[in-house]
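Trainee: Sequence:
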Amino acid sequence: QVFYIGSTKFDNIKLLKSLTGSAATPPLPTPPPANPAPTTPPPAPAKASELMLEDAEDGDTLGWKSNSSLKIKNIYEDQKKSKVIELTGIGAANLKNEDGTLFNNSTHKVFSWDMYTKNTFQIKLFLETDKGDKSIVYGNGEYTNQPNNSTVYIKMDTKYGVWYTTTRDVEADFNSIQPETKISKIQ
Numbered sequence: 022q023v024f025y026i027g028s029t030k031f032d033n034i035k036l037l038k039s040l041t042g043s044a045a046t047p048p049l050p051t052p053p054p055a056n057p058a059p060t061t062p063p064p065a066p067a068k069a070s071e072l073m074l075e076d077a078e079d080g081d082t083l084g085w086k087s088n089s090s091l092k093i094k095n096i097y098e099d100q101k102k103s104k105v106i107e108l109t110g111i112g113a114a115n116l117k118n119e120d121g122t123l124f125n126n127s128t129h130k131v132f133s134w135d136m137y138t139k140n141t142f143q144i145k146l147f148l149e150t151d152k153g154d155k156s157i158v159y160g161n162g163e164y165t166n167q168p169n170n171s172t173v174y175i176k177m178d179t180k181y182g183v184w185y186t187t188t189r190d191v192e193a194d195f196n197s198i199q200p201e202t203k204i205s206k207i208q
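According to my numbering, the sequence shown is numbered sequentially starting from 22.
A few of these clues could be false.
[Stated by the list, open to error] Result set (PhoX-like, lysine-lysine): computed pairs, CA atoms no more than 25 Å apart in a straight line:
hint, residue 1, residue 2
1, Lys139, Lys155
2, Lys104, Lys203
3, Lys145, Lys94
4, Lys155, Lys104
5, Lys139, Lys86
Don't read these hints as lab results, they were simulated from the structure.
Only a predicted model underlies this, so the values are computations on that prediction, with no experimental measurement involved.
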């Protein structure tokens, strides 16, 4: 993932398995039965429906790297009442696993993030597909998509000066510009 920033704050950057059933919409609790059944061992845990890439609560910026004058900080944000990642300056920042490896996720293809910005931004995801290496860019600039380009651009509505959450089905977005492309991994 690459973020091109002027000055922006991020939190809760994650991959989800689907648009439904995300952590933002938990199911209602089920009341206990009137006559509980005998205790049985719990079922094996299901695969996680979300993969948190960055929530800033650990207080560090491990996994973030910049190849420019862009500054990356983990700060407490009063409006959000939590820690967030603040990117200031002009340039690009890469988010990877804390050990520097790519995420290489093949099961979670919905991308979600919380953002606060007053600037132009781009968020670029690198993809492995059945048609080779591709990328998708979410941003609020002006873009022109070419039919067989390796990069697809998705124009985003931006809410300036407030925190908001964006959740996107990466494969559906990519296929809106280049149909019939199967994503095998989000790197």
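Trainee: With reference to the structure, classify each hint as holding or not holding.
Mentor: Taking the hints in turn, this is what the structure says about them:
no.: 1; hint: Lys139 with Lys155; verdict: 28 Å, violated
no.: 2; hint: Lys104 with Lys203; verdict: 35 Å, violated
no.: 3; hint: Lys145 with Lys94; verdict: 20 Å, holds
no.: 4; hint: Lys155 with Lys104; verdict: 32 Å, violated
no.: 5; hint: Lys139 with Lys86; verdict: 22 Å, holds
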